[in-house]
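Put together the whole structure using the sequences plus the hints.
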Amino acid sequence: MDSGPASDVAYPIEQLRLDNGLRVLASPDHGAPSVAVNLWYGVGSRHEEVGRTGFAHLFEHVMFQGSAHVASGQHIALMQAAGAAVNATTWFDRTNYFETLPTGGLDLALWLEADRLGTLLDALTQENLDNQREVVKEEKRQRYDNVPYGDVMERMVSLTFPPDHPYGHTTIGSMTDLDAATLEDVRAFFRRYYRPNNAVLSIVGDVASADAFTKASTYFGPIDSGELPAPPAATSMPPLGSDADTPPRAETSARVPAEAVYVSWRLPARDVPEFDALDLAFSTLGHGQTSRLHRALVRGAELAESTSATGMGLIGGNSFGFAFARARDGVSPERLEEALLAEVATLAAEGPTEMELRRAKAQFERHWLHELARIDSRADALGEHATLLDGPERINTRLAEVTAIDQGHIGAAMGRWFSPEQCATLIYRKDER
Amino acid sequence: MSLLPQPPLAPPRDWSFPVPEHAQLSNGIETLVYRLPGQHVVAVHLVIDVPLSAEERAYEGVATICARTLDEGTRSHPGEGFAELLETEGAGFGVDPSLAGLQAILDVPASRLGPAMELFAEAVVEPDQADPDVNRQVQLRLAEIEQARANSAHLAGIAFRSAVYAPESRASRMSGGEPETVAALTPELVRGFHRDRFRPQGATLIMAGDFVGDPVAIAETALGGWQGNDGPAAGQSTPGRAQRQSILIDRPGAVQADIRLGGYGIDRRDERWADITVASYAMGGAFLSRLNAVLREDKGYTYGVRMQFSPLRSGGSYAVQGSFRTDVVVDALTEAWRLLDLTGQPITEQEVADAVAFFAGVTPLRYATADGVADQVATQVLAGLDEDYVDQSLAALRAVTPKSATAAYQSLVDLDGLTLVVVGDADRLAEPLRTSGFADLEVRTA
Numbered sequence: 001m002d003s004g005p006a007s008d009v010a011y012p013i014e015q016l017r018l019d020n021g022l023r024v025l026a027s028p029d030h031g032a033p034s035v036a037v038n039l040w041y042g043v044g045s046r047h048e049e050v051g052r053t054g055f056a057h058l059f060e061h062v063m064f065q066g067s068a069h070v071a072s073g074q075h076i077a078l079m080q081a082a083g084a085a086v087n088a089t090t091w092f093d094r095t096n097y098f099e100t101l102p103t104g105g106l107d108l109a110l111w112l113e114a115d116r117l118g119t120l121l122d123a124l125t126q127e128n129l130d131n132q133r134e135v136v137k138e139e140k141r142q143r144y145d146n147v148p149y150g151d152v153m154e155r156m157v158s159l160t161f162p163p164d165h166p167y168g169h170t171t172i173g174s175m176t177d178l179d180a181a182t183l184e185d186v187r188a189f190f191r192r193y194y195r196p197n198n199a200v201l202s203i204v205g206d207v208a209s210a211d212a213f214t215k216a217s218t219y220f221g222p223i224d225s226g227e228l229p230a231p232p233a234a235t236s237m238p239p240l241g242s243d244a245d246t247p248p249r250a251e252t253s254a255r256v257p258a259e260a261v262y263v264s265w266r267l268p269a270r271d272v273p274e275f276d277a278l279d280l281a282f283s284t285l286g287h288g289q290t291s292r293l294h295r296a297l298v299r300g301a302e303l304a305e306s307t308s309a310t311g312m313g314l315i316g317g318n319s320f321g322f323a324f325a326r327a328r329d330g331v332s333p334e335r336l337e338e339a340l341l342a343e344v345a346t347l348a349a350e351g352p353t354e355m356e357l358r359r360a361k362a363q364f365e366r367h368w369l370h371e372l373a374r375i376d377s378r379a380d381a382l383g384e385h386a387t388l389l390d391g392p393e394r395i396n397t398r399l400a401e402v403t404a405i406d407q408g409h410i411g412a413a414m415g416r417w418f419s420p421e422q423c424a425t426l427i428y429r430k431d432e433r
Numbered sequence: 001m002s003l004l005p006q007p008p009l010a011p012p013r014d015w016s017f018p019v020p021e022h023a024q025l026s027n028g029i030e031t032l033v034y035r036l037p038g039q040h041v042v043a044v045h046l047v048i049d050v051p052l053s054a055e056e057r058a059y060e061g062v063a064t065i066c067a068r069t070l071d072e073g074t075r076s077h078p079g080e081g082f083a084e085l086l087e088t089e090g091a092g093f094g095v096d097p098s099l100a101g102l103q104a105i106l107d108v109p110a111s112r113l114g115p116a117m118e119l120f121a122e123a124v125v126e127p128d129q130a131d132p133d134v135n136r137q138v139q140l141r142l143a144e145i146e147q148a149r150a151n152s153a154h155l156a157g158i159a160f161r162s163a164v165y166a167p168e169s170r171a172s173r174m175s176g177g178e179p180e181t182v183a184a185l186t187p188e189l190v191r192g193f194h195r196d197r198f199r200p201q202g203a204t205l206i207m208a209g210d211f212v213g214d215p216v217a218i219a220e221t222a223l224g225g226w227q228g229n230d231g232p233a234a235g236q237s238t239p240g241r242a243q244r245q246s247i248l249i250d251r252p253g254a255v256q257a258d259i260r261l262g263g264y265g266i267d268r269r270d271e272r273w274a275d276i277t278v279a280s281y282a283m284g285g286a287f288l289s290r291l292n293a294v295l296r297e298d299k300g301y302t303y304g305v306r307m308q309f310s311p312l313r314s315g316g317s318y319a320v321q322g323s324f325r326t327d328v329v330v331d332a333l334t335e336a337w338r339l340l341d342l343t344g345q346p347i348t349e350q351e352v353a354d355a356v357a358f359f360a361g362v363t364p365l366r367y368a369t370a371d372g373v374a375d376q377v378a379t380q381v382l383a384g385l386d387e388d389y390v391d392q393s394l395a396a397l398r399a400v401t402p403k404s405a406t407a408a409y410q411s412l413v414d415l416d417g418l419t420l421v422v423v424g425d426a427d428r429l430a431e432p433l434r435t436s437g438f439a440d441l442e443v444r445t446a
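These protein sequence lines map, in sequence, to chains U and H. All residue numbers for the first sequence refer to our numbering, where the first residue is 1 and numbers rise by one. All residue numbers for the second sequence refer to our numbering, where the first residue is 1 and numbers rise by one.
Among these hints, one or two may not hold up.
[To be verified] Among the chain H residues that face chain U by a calculated CB cut under 10 Å, a handful are: (1) Leu86; (2) Glu89; (3) Arg112; (4) Ala153; (5) Thr302; (6) Gly322; (7) Pro346; (8) Gln350; (9) Arg366; (10) Leu412.
[Stated by the list, open to error] Below, in silico cross-link-like pairs of lysine to any residue (SDA-like), each with a Cα-Cα straight-line distance of 20 Å or less: (11) Lys299/H with Glu271/H; (12) Lys137/U with Asp327/H; (13) Lys137/U with Val328/H; (14) Lys430/U with Asp250/H; (15) Lys137/U with Gly253/H; (16) Lys299/H with Asn128/U; (17) Lys299/H with Ser306/U; (18) Lys361/U with Glu80/H; (19) Lys430/U with Lys299/H; (20) Lys299/H with Ala77/U; (21) Lys430/U with Asn151/H; (22) Lys361/U with Ser111/H; (23) Lys137/U with Lys299/H; (24) Lys430/U with Glu144/H; (25) Lys361/U with Met312/U; (26) Lys137/U with Gly300/H; (27) Lys403/H with Glu271/H; (28) Lys137/U with Thr326/H; (29) Lys361/U with Thr310/U; (30) Lys430/U with Met312/U; (31) Lys361/U with Gly114/H; (32) Lys299/H with Ala123/U; (33) Lys137/U with Asp331/H; (34) Lys430/U with Ala150/H; (35) Lys137/U with Phe287/H; (36) Lys361/U with Ala110/H; (37) Lys361/U with Gly92/H.
For the record, the hints were derived by calculation from the structure and aren't laboratory data. Idealized CB from N, CA, C, for every residue including glycine.
Printed below as a string of C-alpha cells:
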C-alpha cells in the first residue's frame, strides 16, 4: 500500500501586497489562452449583525448594479462580451467575485473590479437597491421556499448555534431584515468591508506574474485602504450536549415526498488539524456508496432512499457537520434516526478501518486534483487559503497534510467532537394535507 | 480618486480543440487519446451504442437500472467489495444513459489508471446485477421520480418534454423511465438487457489526461478481450412533434410558478444551428439578454430567466424558462411574449458580436480539463458530429449575421404555436391565464 499521495502538485504561486493592503496572488498557467480573476472579500454572513441578516448576500447583488464608470448590469455584460464566465457567491465566511476570460480581457476585468471597489457608492441608488431586494426575494423563493426540504439548512444552523452566533443564520438571511435595509445601511456596509485591505486578488492563467502584478497595481493601486472593523468573535463553542445540556431536537412537516432525519454537530474551526481528521470521518460515514450510512441504511436494511454526511469547514471558532437519511416508504423517521445514530455510535467508538481511511483519502485526492485542474477553481482555492488559512501555498501541501492523518488523529478528534450525544436532530415529516 | 479609462480588449490568441491520437482495440473499439499536460485526473468515457430506443415500451427505464447496477458488484468482485476497490483507487465511476446512447465514465488520478481501468472494464463487461441490487435500484428509481415530481422545476421540465414531443416518441418520456414501466422491471429483464445490448460493436473509447504509461495498452488489457453478441443494433430515431398545448399543473400554495414556454427545435447539424445559438443568446442567454434585462433587472420578477435550445441527436426543443412569484406570472408572460417577437426589433449587429465573442471566449476554458474534453468528445460521438466539431462550430458562429440570426429565429420560434407549461398555484393562476390568451388552458393535478 502506498503511504503518500499518488500525485504531487506544485503550482507556482507569487504574492505581492499593494500599499493599500490588497493581497495579489499570481499563478501562471499557459495551458489555455485564458485567465481567471478572482477576488475574495473577507465578509460573509458571519459578519452580519442581528437584525441585519442577509446583507452580505444582498450586497453581492448590489455589486453588479454599476459604479462611477460602469452602468447597471454592465459589469457582467462587458465581461460576457469579452468572452468571460462571470459570477459571485456569498458564504458564511466570505464573498467572492470572479471572471474567467481570454487573456486579452484581463485589463478590462481588473478595471471593472477596481471601479466597483473604488466607486460603487457613486452609483448606488434607491431604485437599484429596491430592484435587487426583489431579485433576492425571488432567489429565496426559488432556491429555498419552493423546494422540498429547502428550509433544512436554516433549521439546522439555528439548532446548532445560538441565534446571535455568527453561524446562527444562513447567508440568504431574513426577508424582514432585508426589507428594513436602508440605503444608508447598505452604504455603511460597503464602507466597512469593501476595502482593498480586506481582499485577496488572484490572477491565474496565461499571464506572467510580473504582468499580473503590474496590472493589479495599475488598477487597484489608487484605491484607498480603510480601517476594518474588529472581526466577529471567533471563540470556539464546545460540542453540543456539553455541560449537561441536552442537544436540541426539533420537528417540522411539509409537503415532501419522503420523511427524513437530519443531525448536525458543532465541529472545530477548519484551521485546526482536528477538523481535517473529522472531515475524513464524515467521508467514511456518508460519502459515496461504500460509506457506512449507505451500506447500512440504503443497501443493507433498505430503510433509506438516500443518505449523506458532510463536514463543512468554517473559520469563526467552529465548523459544522451534518448527516441525513431520507426514509423509504413505510419507515418512520424515528426508526431511521435510530439506525443512523447506531452507525454514528459505532464509528465514534471504533473509528474508521484502515481501508476506509485509505478510501477516504483517495477520494479526497481526486476531488482536490479536480479542484486544482481548472484555472478558475484554482484561483478560488488560492483566495480561500490566503483569506481564511495561513496562506495560498497551502494548496500545494493539502494532499500531504490530509495523507498524514492517521486513525489515532481521527480517534482523538472524534473523542471530543463526534458522538450520538453531541448532535442536534431535526425530524422532517410528511404533511399529508 | 482618479481612475483610468476603460481599457480595450486585446485580440484573443488562436485556439483550437485538441486533436486525438487514434487507435483500435483488438475487438474493434475505436479509441481516441487526448494528451493534456498538467491534467492529473484522467477522464475515460466509453460510449456504448445503446440508444434508449433499445428499450421496450413497457420496460422503459431498463437501461437506467442496468447502468445503475453496473458497479454494485461484478462476477470477479461480487457485492460491495467491487465499489470498495474502485474507491480505494481514488476512482469516480458513473454511467449516463441518454436518448442517443450510453456512456460509462471513469475519473481517476493518472497514476492509478491501470488498476482502475481493470475495474471499469469489469463493471461494463461482467456486472453481477444480483436480484436484490436490481430490485433495490428499482425502488430507489421510483423514490427518485417522486422526489422529482415534488420539485417544481423538475416537474415543469418533465411536463414540458411530454408536451413538446409526440407521445409515441421516447423523448416525450423521462430517460430513466416512468413509474409504471420502472415498476415492471425484473432482474431477468435487466440482466437480459445487459447481455443483449452492451457490446464492443459500435463503441468508442475516449481517454484524456496527462498519462503515466501507455493509455492504449492499458485500455487493450482491460477491454480488448470483450466480446459481445451479434444481434442487430437498435436504430436512432427522430422524435415527432406534438400539438401545441397550454398546461397548468397545480401546486396549491406554491409561492412561485415555474414556467416553460417553447416548442420543437433543431439539432446541431441543422444549418441554422449557429444562427439560433446567437439569437437565443441575445434573447435569453446573456445576463443582459432581452428577457433577463427586463424581467429580472428592470422589473425584479425573477431570479433569472433564460431561453435555451436543447438539441437531441436528431431534432430538439427550445424553451423560455424561469420561476416567477405568483402575482406577476401573467405580467411576466405578457412581457416575454412581446420580447420574443422580433418583428420590428431584429437581432442587432452588437448582439451578434457580443454572442460570438462570448462563445469564442468561454470555449478554450471549457476544454482546458481532461473531463471537459472527454465529455465534449463523447457528446459529439453521441450526436454524430465530427471530431473537429468545436472548431467548425466556432467558424460557423463567426459567419452569423444579424440577418441570418433573425431569420433563423423567426423560422423556428412560432409565436402562435408556443407550448406553455406552468407549475404553480392553480387557484390563483388558472383564471388570469385563461383570460390573458390561454383560453385552452388545461389544469392538471401535480
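Hint by hint, here is what the structure shows:
no.	hint	in the structure
1	Leu86	holds, 9 Å
2	Glu89	holds, 6 Å
3	Arg112	holds, 6 Å
4	Ala153	holds, 8 Å
5	Thr302	holds, 5 Å
6	Gly322	holds, 9 Å
7	Pro346	violated, 19 Å
8	Gln350	holds, 9 Å
9	Arg366	holds, 9 Å
10	Leu412	violated, 23 Å
11	Lys299/H with Glu271/H	violated, 36 Å
12	Lys137/U with Asp327/H	holds, 14 Å
13	Lys137/U with Val328/H	holds, 13 Å
14	Lys430/U with Asp250/H	holds, 19 Å
15	Lys137/U with Gly253/H	holds, 17 Å
16	Lys299/H with Asn128/U	holds, 11 Å
17	Lys299/H with Ser306/U	violated, 40 Å
18	Lys361/U with Glu80/H	holds, 19 Å
19	Lys430/U with Lys299/H	violated, 36 Å
20	Lys299/H with Ala77/U	holds, 18 Å
21	Lys430/U with Asn151/H	holds, 15 Å
22	Lys361/U with Ser111/H	holds, 15 Å
23	Lys137/U with Lys299/H	holds, 13 Å
24	Lys430/U with Glu144/H	holds, 16 Å
25	Lys361/U with Met312/U	holds, 17 Å
26	Lys137/U with Gly300/H	holds, 9 Å
27	Lys403/H with Glu271/H	holds, 15 Å
28	Lys137/U with Thr326/H	holds, 13 Å
29	Lys361/U with Thr310/U	holds, 15 Å
30	Lys430/U with Met312/U	violated, 27 Å
31	Lys361/U with Gly114/H	holds, 19 Å
32	Lys299/H with Ala123/U	holds, 19 Å
33	Lys137/U with Asp331/H	holds, 18 Å
34	Lys430/U with Ala150/H	holds, 12 Å
35	Lys137/U with Phe287/H	holds, 18 Å
36	Lys361/U with Ala110/H	holds, 16 Å
37	Lys361/U with Gly92/H	holds, 13 Å
Checked against the numbered hints above, the structure violates hints 7, 10, 11, 17, 19 and 30; every other hint is satisfied.
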